[in-house]
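Could you put together the complete structure from these sequences and hints?
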Amino acid sequence: MSPTRPLPAAVELEALMAMMLTINGEAKSFDAPADMPLLWVLRDILGMTGTKFGCGIAQCGACTVHIDGKPVRSCVLPVSAVRDRAITTIEGIGASPAGAKAQKAWLDLEVIQCGYCQSGQIMSAAALLASTPSPDDSDIDAAMAGNICRCGTYVRIRAAIKQAASGKQS
Amino acid sequence: MTIAKDIAAEKTDGVSRRALLTGGLAGGFLLAFHLPLRAGNEPVQPPDVTEGKFAPNAFIRIDPAGKTTLVMPQVEMGQGVYTAVAMILAEELDADLAQVTLQHAPPNDKLYGNPTFGLQVTGNSNSIRAFWKPLRNAGAGARTMLVQAAAQQWQVDPASCRTSKGEVTHRETGRKLSYGQLAIAASSQTPPKDIALKDPKDFVYVGQPLKRFDTPDKVNGKAVYGIDAMLPDMKFATLASCPVFGGKVGKVDDGAAKKIPGVRKIVVLDDLVAVVGDHMWAAKKGLEALKIDWDEGPNARISSKDVWQDLRAASEKDGVVAKSVGDIAKGLASGDRLDASYELPFLAHATMEPLNATVHLKPDSCEIWTGTQIVSRVQAEAAKAAGLPVDKVVVNNHLLGGGFGRKLEPDMVVAAVRIAKQVDGPVKVVWTREEDIQHDVYRPVYRDTIAATLSDGKIVGWKYRVTGSAILARWLPPAFQKGIDIDAIDSAVDGPYDIPNFHVEYVRAEPPAVPTGFWRGVGPNNMFSPPNASWTSWPARPARIRSPSAAACWAKTRVCSPRSITSQRNPAGASNCRRGSDAASACSRRSAASSPPWWRRKSTNKAKCICAGSPPRSIPASPSIPIRSWRSSKAA
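Residue numbers (the working numbering), protein chains in the order written: chain A, 1 to 170; chain B, 1 to 636.
Keep in mind the hints are simulated off the structure, nothing from the lab.
Bear in mind the structure is a predicted one, so any value in this text is a computation, not a measurement.
Hints are supplied without guarantee of correctness; some may be wrong.
Short, incomplete list of chain B residues facing chain A, as computed with Cβ under 8 Å [to be verified]: (1) Q152; (2) Q153; (3) V156; (4) K218; (5) M230; (6) L231; (7) P232; (8) M280; (9) M352; (10) P354; (11) T432.
In silico BS3-like cross-links for lysine-lysine, where the CA-CA straight-line distance does not exceed 30 Å [stated by the list, open to error]: (12) B/K291 with B/K251; (13) B/K248 with B/K384; (14) B/K248 with A/K104; (15) A/K70 with B/K222; (16) A/K28 with B/K259; (17) A/K28 with B/K222.
Note that beta-carbon positions come from the ideal geometry of N, C-alpha and C, so glycine has one too.
Dropping the structure here:
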């Protein structure tokens, strides 16, 4: 879950930097401090509010996005670490086969209650389905353990991942 | 004793605990509350909401293109109420779901007040029970006016017309007019005096397991919660309150915080400090860089030990009698005796969406974006904090990322308004998770003490004392009568057992310093204790009881025969079907079928669970239904 690329050595973390990110296949330009977590870039600078703030310390999973297809917690990921990487958010995940399957299964099985955590749940599930097309319970446990749901939709999340994997209709 | 009598009386009409609330309020709220059928007296809604549309009541707007807007009096926080409410309205209106848009209601107790409270409150698990009839009347009244308009145009008897999917059809000639085509003409029709409701056998939506209307936007990031409000030139703020309840700000050294790029302002109030910045990251870093000396005040010396000591001492005293049946002294004098006490800790609600409110305060007005269970109270409290008349405060409600009772309090909005007084332009105030947990309005500590006696395998005496906060005394003072908080004793007085000598007392005991508030669900403090005590006291536990949960124990208990169905909780977990309600719409067929026979409702008069017996029909497709703020053009 940690950024896979170290911060540039001589970067003045707090100074504003002109940056460009590729998010859901689109180039986005903006100014931000190098140490600003991607979550706040998405939400407060780019207005992409589908990615949620839940805890700010990578403990709840609500802020999960994909960097080069891997799920990461954007609330602790400095934006300077993800330049020139492919970023996918909940707004764009439906364009991938695994994401579309997860979204469909989520709706077929009525997984969602309040929905606030579900952006992150779907991002984690889509990454799992892309890397492990037929996950078993332990795969699901391992991939989804970091995503908390206060409404308690876990049982349906598991069922939806299995349905998305099997391709069966409800 | 009055309370006990009220409870007994309620059972006759199939209404449970919370009807006691209206009883406790001298029966005034239900009578005082009514839904005006015309839109003409909607005081705080701007004309653009209804102008040029058929707006027969507070809940329905149909424009000439047929676009049908249904206004949601209760808020969606995951419980599915936007779907249920829209289904009931659409059912009696015979609306076409493909043309429906849902809208959050603006603050207005008169139009959208929950009949149980007389206030715009979503809570107490009562949305469908409370709104079932008002919503059906609203839908049916509107449909009648549309039919009248069509019949007038065709010069035919309205009885010769039928409605379906947003159209009126003349049976004999097959002529059709859509609701959109009729919108203007229907506006000048006289509202019907006697509203004819559908026969439940004709329901097309109610009783069907439709897909939820709010969820399609929740899988692709489009759903907008309060925390997602975005406004041009908005600033972002986060805050710290004194770690000790009631403490004040002492000295603030903001030298380091001011140097952080993006930090625009430090707001120091008597009880909190906020940092305003260009984004949450700047605000958060700024807050961390502040050096704050708190004046912690006298509560700094209170510990958990003190809280429990006070509570235990209070629970040793006699309480106010909430219910007494038979002779408790006699009942406790015979048989084998069990004494048990149960202590429940403070709990933070911890909604997934951290507390937040966005405020744009101007000299003569205030606009707010947030998600709340009490939108009219938020408006009133914000007006007080802003020093403005109530009608100068606009509140845009949103989807809630969880409520659980936390958003039955207005404190987060009041704090945001106070901060906004020192900010030019709109400011979004977001609590960090740490502040959200540390400054909750907690589920109180409770102590439940139970003395029970067993004779021949049956409970013959049951003395139950509940000790804890009276939240209603603070939150809805008229409901706190005769020293009894009916919310605190709810599940204690309203259980499933026939016990010959049954006695419940309540002791009000407010914990020192710690603010206490509602917890999700009903009887949250004493749903556990009675079944656990009865289970513990059971001489030979039946093998079938595996789950220690209250519901399982209650459902399978054979010690005492269950009383009439109207006093039961639904053990099968049909959350929308519980208690004596004729709210058939949200009752799932599966849960009704899997419930024990005594839970299934008899098909008599209004205590009828329609879905349990109606045959399956083809399920109408649920389209993705957009949800808009009532002033979405401004909020966008």
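How the hints compare with the structure:
no. : hint               : verdict
1   : Q152               : violated (43 Å)
2   : Q153               : violated (41 Å)
3   : V156               : violated (43 Å)
4   : K218               : holds (3 Å)
5   : M230               : holds (5 Å)
6   : L231               : violated (10 Å)
7   : P232               : violated (10 Å)
8   : M280               : holds (5 Å)
9   : M352               : holds (4 Å)
10  : P354               : holds (7 Å)
11  : T432               : holds (6 Å)
12  : B/K291 with B/K251 : holds (8 Å)
13  : B/K248 with B/K384 : holds (21 Å)
14  : B/K248 with A/K104 : violated (51 Å)
15  : A/K70 with B/K222  : holds (22 Å)
16  : A/K28 with B/K259  : holds (28 Å)
17  : A/K28 with B/K222  : holds (19 Å)
Checked against the numbered hints above, the structure breaks hints 1, 2, 3, 6, 7, 14 and satisfies the rest.
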